[in-house]
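Number of protein chains: 4
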Amino acid sequence: MTDQPVSGPALADRTALGGVIPPLCTPLTGAGELDAASLRRLCAFLLDAGVDGLFVNGSTGELAYHTDEVRLAALRTVREAVGGTVPVLAGAVDMTANRVVAQARAARDAGADAVVATVPFYSPTHPGEMADHFRAVREAVGLPLWAYDIPGNVQRKLPAEVTAELAADGVLAGLKDSSGDLDQLRSLLHLTEANGARAQGFSVLTGSETMADTALALGADGIVPGLGNVDPHGYVALHRAMRRGDTLAAAAEQERLRGLFGLTRVGDPARLGTYSAAIGAFKEALCRRGIIATATTPLPMRPLNGEERAAVARCLAEAGLGPV
Amino acid sequence: MTDQPVSGPALADRTALGGVIPPLCTPLTGAGELDAASLRRLCAFLLDAGVDGLFVNGSTGELAYHTDEVRLAALRTVREAVGGTVPVLAGAVDMTANRVVAQARAARDAGADAVVATVPFYSPTHPGEMADHFRAVREAVGLPLWAYDIPGNVQRKLPAEVTAELAADGVLAGLKDSSGDLDQLRSLLHLTEANGARAQGFSVLTGSETMADTALALGADGIVPGLGNVDPHGYVALHRAMRRGDTLAAAAEQERLRGLFGLTRVGDPARLGTYSAAIGAFKEALCRRGIIATATTPLPMRPLNGEERAAVARCLAEAGLGPV
Amino acid sequence: MTDQPVSGPALADRTALGGVIPPLCTPLTGAGELDAASLRRLCAFLLDAGVDGLFVNGSTGELAYHTDEVRLAALRTVREAVGGTVPVLAGAVDMTANRVVAQARAARDAGADAVVATVPFYSPTHPGEMADHFRAVREAVGLPLWAYDIPGNVQRKLPAEVTAELAADGVLAGLKDSSGDLDQLRSLLHLTEANGARAQGFSVLTGSETMADTALALGADGIVPGLGNVDPHGYVALHRAMRRGDTLAAAAEQERLRGLFGLTRVGDPARLGTYSAAIGAFKEALCRRGIIATATTPLPMRPLNGEERAAVARCLAEAGLGPV
Amino acid sequence: MTDQPVSGPALADRTALGGVIPPLCTPLTGAGELDAASLRRLCAFLLDAGVDGLFVNGSTGELAYHTDEVRLAALRTVREAVGGTVPVLAGAVDMTANRVVAQARAARDAGADAVVATVPFYSPTHPGEMADHFRAVREAVGLPLWAYDIPGNVQRKLPAEVTAELAADGVLAGLKDSSGDLDQLRSLLHLTEANGARAQGFSVLTGSETMADTALALGADGIVPGLGNVDPHGYVALHRAMRRGDTLAAAAEQERLRGLFGLTRVGDPARLGTYSAAIGAFKEALCRRGIIATATTPLPMRPLNGEERAAVARCLAEAGLGPV
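As given, the protein sequences belong to chains R, W, G and V, one line each in that order.
The opening position of the first sequence corresponds to residue 1 in full-length UniProt numbering, with each subsequent residue numbered one higher.
The opening position of the second sequence corresponds to residue 1 in full-length UniProt numbering, with each subsequent residue numbered one higher.
The opening position of the third sequence corresponds to residue 1 in full-length UniProt numbering, with each subsequent residue numbered one higher.
The opening position of the fourth sequence corresponds to residue 1 in full-length UniProt numbering, with each subsequent residue numbered one higher.
Hints listed in this document are in silico derivations from the structure and should not be mistaken for laboratory results.
Since this is a predicted model, take the numbers as computed values, not measurements.
Some hints here could point you the wrong way.
Claimed, not checked - No farther apart than 27 angstroms at their CA atoms in a straight line, the calculated lysine-lysine pairs in the DSS-like style are these:
1) 157/W x 157/G
2) 157/V x 157/G
3) 157/G x 157/R
4) 157/V x 157/W
5) 157/W x 157/R
6) 157/R x 157/V
Work the whole structure out from these sequences, hints included.
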């Protein structure tokens, strides 16, 4: 039996979702359990900065590292903290359709306004199976569905042509593009203009911390930057500058944020590109800014060492960010 | 709180697990639900052929495609069908340690004698985190733990040095090597001879359908061939020939099985290397041999077309395999 | 013995080289020999369209497919056709430093104003060896040296930090970025602003046909588009629009050119991304526009079939391009 | 005009070439020039150890690093040193057919008995173009042609089916398999048995230092081990043991050689897998054994540091190798 697709409550009366929608970090206690108090403080900090939505259980939220219970507890905590003021998107990331459906239904029942799912991973997949995968998830779960294009993690790029077709058919409500491929992003924007999906509210969000202004200039609606946990005011300022057409101001803000993003590259070379480097630095920065209680990362991530933590502190200082 | 590691019941009185241990297909009804009757027939067929163990919820078992409920139902069905005659290994495959622990505990409670887990996937991982990952899983779950080295699916090779260290420390009871890298397999065998792990029963199994005799000649203890669902007698004969030192007979049998393995490559070129091609062909062959009821594969795998099914039939005929 | 570095004649009195600098196709006769008459017509066509320089023996010029003799004959033909009106850059692409030096000296003697070289390829290289490679080439050849960053062909990305250091040291006169990585391009522009190299004339060119306006908006000086052989007027118009700050006009022109670029994707799927598809389509289009005599491609490239040629014709028609 | 294919003189009266055929290191003087005296000593050392052929200008011979002049000088030196006692194969490695033909003709004129060429590299190639490439080279050069399958360097695997077809057609005289893919090697041996090419003398050589006994057990005719420069006696002993069916003796020798091969992994982690690590270690070992005069490697390879050189010395000592 499949559920009836219905529009998510907080998204029903919107056209395209856009703006700044940070993918929330998942604060943990020193014992490695969900630190709900810190998560509530983080939500308040972001809402106060003017963000337009929140994305729970994304890659920045350590989705790969937490049990279903922790994922859902994080979602419920955010749902309560937000109280309907902005939409809450939730990751429903698992290996293939049946498992994604299970994740998505649980997220829906925990109050998600929309769910975000990747293409199948683990088992090599026929290209034609990507579209079937999203169709199956959409049919089974009555919530707006975002495709999460993150080939660095799932090894396969969602082709712009497939996304555009699913957008036109109403299967996808939007795309979170974490591929870094601006050329394909542009193709997708062109294709969804041409097939009418954009006019119907199909939303295109970039996951890039460092090319956000460019993605917006190309026509994207919004930004989902992991670094937005640390400096939401910066991304809100960048987005507002772009909206009023002030590309110079946006580029200057982007340049400052590009410098700040260096905090994800402070570790030893073997650490470059790992999640323990990026998430560890975000959490360290959030601690230093006084927003979360500990920088604990989940098993088996290795914590930052003292030298790395000091480098994060320097990056914050250079970007002009202190305790809040 | 972590559980006390204890030896799995059926593995407690063994030294190294070896022989032929097929990774079971997961038969489905036409409606896509677990077909327990077909699964029981498949178990009986394999046991009757003389296999030495069964591996449930491996990649061949479509682990990526089934919900937790289906995974556990399959495991319980096999547990009952086997009745303690041979050990039952169960896949506990998920993205990282906490999620793997949840899978492994459920598998233990459903009667698995040992669990099989990959290195972390989805999020890029620091090399040093691989060992911590297996240590965390082993500490939390009181069952023998097999490392599942399958870089084609999880993108990272488990280095022989890491495996050998974990074997010596008693963290790993064995390795299922689905990497195809015989050079590293040889290094691992050498390292675990040298550090005493082999003498203590550390078991090395190859997942290769096509180089099984070579892996055994290098010193591996056993074979976990997906194709062994279709032709268990062939792999049992191959293994017995190697055990008695008859490498020529083993090579001849291997050559026949290499030909039969062509049934996974009958699809159109875009299908090459996909799971729907390989699993679809195994299931089609099991249908034609009269062991399972339907060749249904889970969402979003595309079923074989008529031409592909006919080609599977030809491969069976060439290998001399008919209904049983 | 090494040569004294001297400034290239036509580049000596410039600051940064910029504008539109097409990488020339290498027209062949039906027998596969260099078609000098067609090459001269192509040069005249491009100069007439207002290009700012020419790049001979780039990847679009089939550098991998031609002997040293053909490479040099093409360069001499272009040198004569241009007659000093615009600078001529020449590819000096080979596997490592000593071979690159041989190529570069021959190019210098045949009249190149600057040479363009990749990082080492074929043998896996230590990161630190990349900088030494360019230093050795620069020391041995008295011509301005451009780094050619084309990881799709040579498998390794030239890191922005390395390029910036070589730019500051005067080893590199510029970069041709064919990596498609706009994020790194932006880092390079930032680093070379900061270290003074840009102020001294370090030139940054993008090889992208499809994101040229974006690269220019980020601060690149010029464009080296393979498609510029077919439609130089389009790229000149795009570049001029960007120079006068009319990003909307540039984007519209870019969108038209993105459509035209579809002519490189008209072949069967096995052909996608191959050079015979891209170069074959460029040459077919140049034939249909009446600029070169035959669409012959070198061994072992497979020629376009009739259906593919017809699709190229349709792409031209849609972009409003006819015979000249 | 194409040359008439003729049989190479020293290969004309053989059936399949086999045995031990080391890919020669290219000794350099401290100034980086060819050290012909050292190269002659190396040839004498290898011939004295009982090798069955020599391979000049292979990857171990630093083919990517030397100019055409140095390549040919090395070939002529070896040709003279060998004096017809064993066949001399020469690499004719360049990016595509026309350039390979130029290399191959020069090698032929300098006395090579056969040439060895890879699939096209640098420009992405249509699968069907691989066969055309070898056909074009064979037609143009009157020497036996070996395919050099080295996907780690040229990024593309030569499929067994293509090799087998070219073997049956007489285009290829043999294969040097440096892919490490023993499964494909086995397929090739099967296919060339089946199509008659093996019966006509098609020769299959493995480039593996570490799995040589396994490749021979599968049916390969010979070994082309870079490490054979350092310890030719070991590989000759291994090959002879396999020829007389003593797989245990061969495996023991192989295990010792696997240990010795550790000298290529003594550098810092950033060096792992680079050519400066492997070639540097081979040359250092040859110096310490008193066969070549200096361990100089070509630009831009970084020389081994003192710690790395000491580690090479330890590897030699552990393998029981001293000065000769």
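Okay, the hints, checked on the actual structure:
| no. | hint | verdict |
| --- | --- | --- |
| 1 | 157/W x 157/G | holds, 23 angstroms |
| 2 | 157/V x 157/G | holds, 22 angstroms |
| 3 | 157/G x 157/R | holds, 20 angstroms |
| 4 | 157/V x 157/W | holds, 20 angstroms |
| 5 | 157/W x 157/R | holds, 22 angstroms |
| 6 | 157/R x 157/V | holds, 23 angstroms |
Hint compliance for this structure: no hint is broken.
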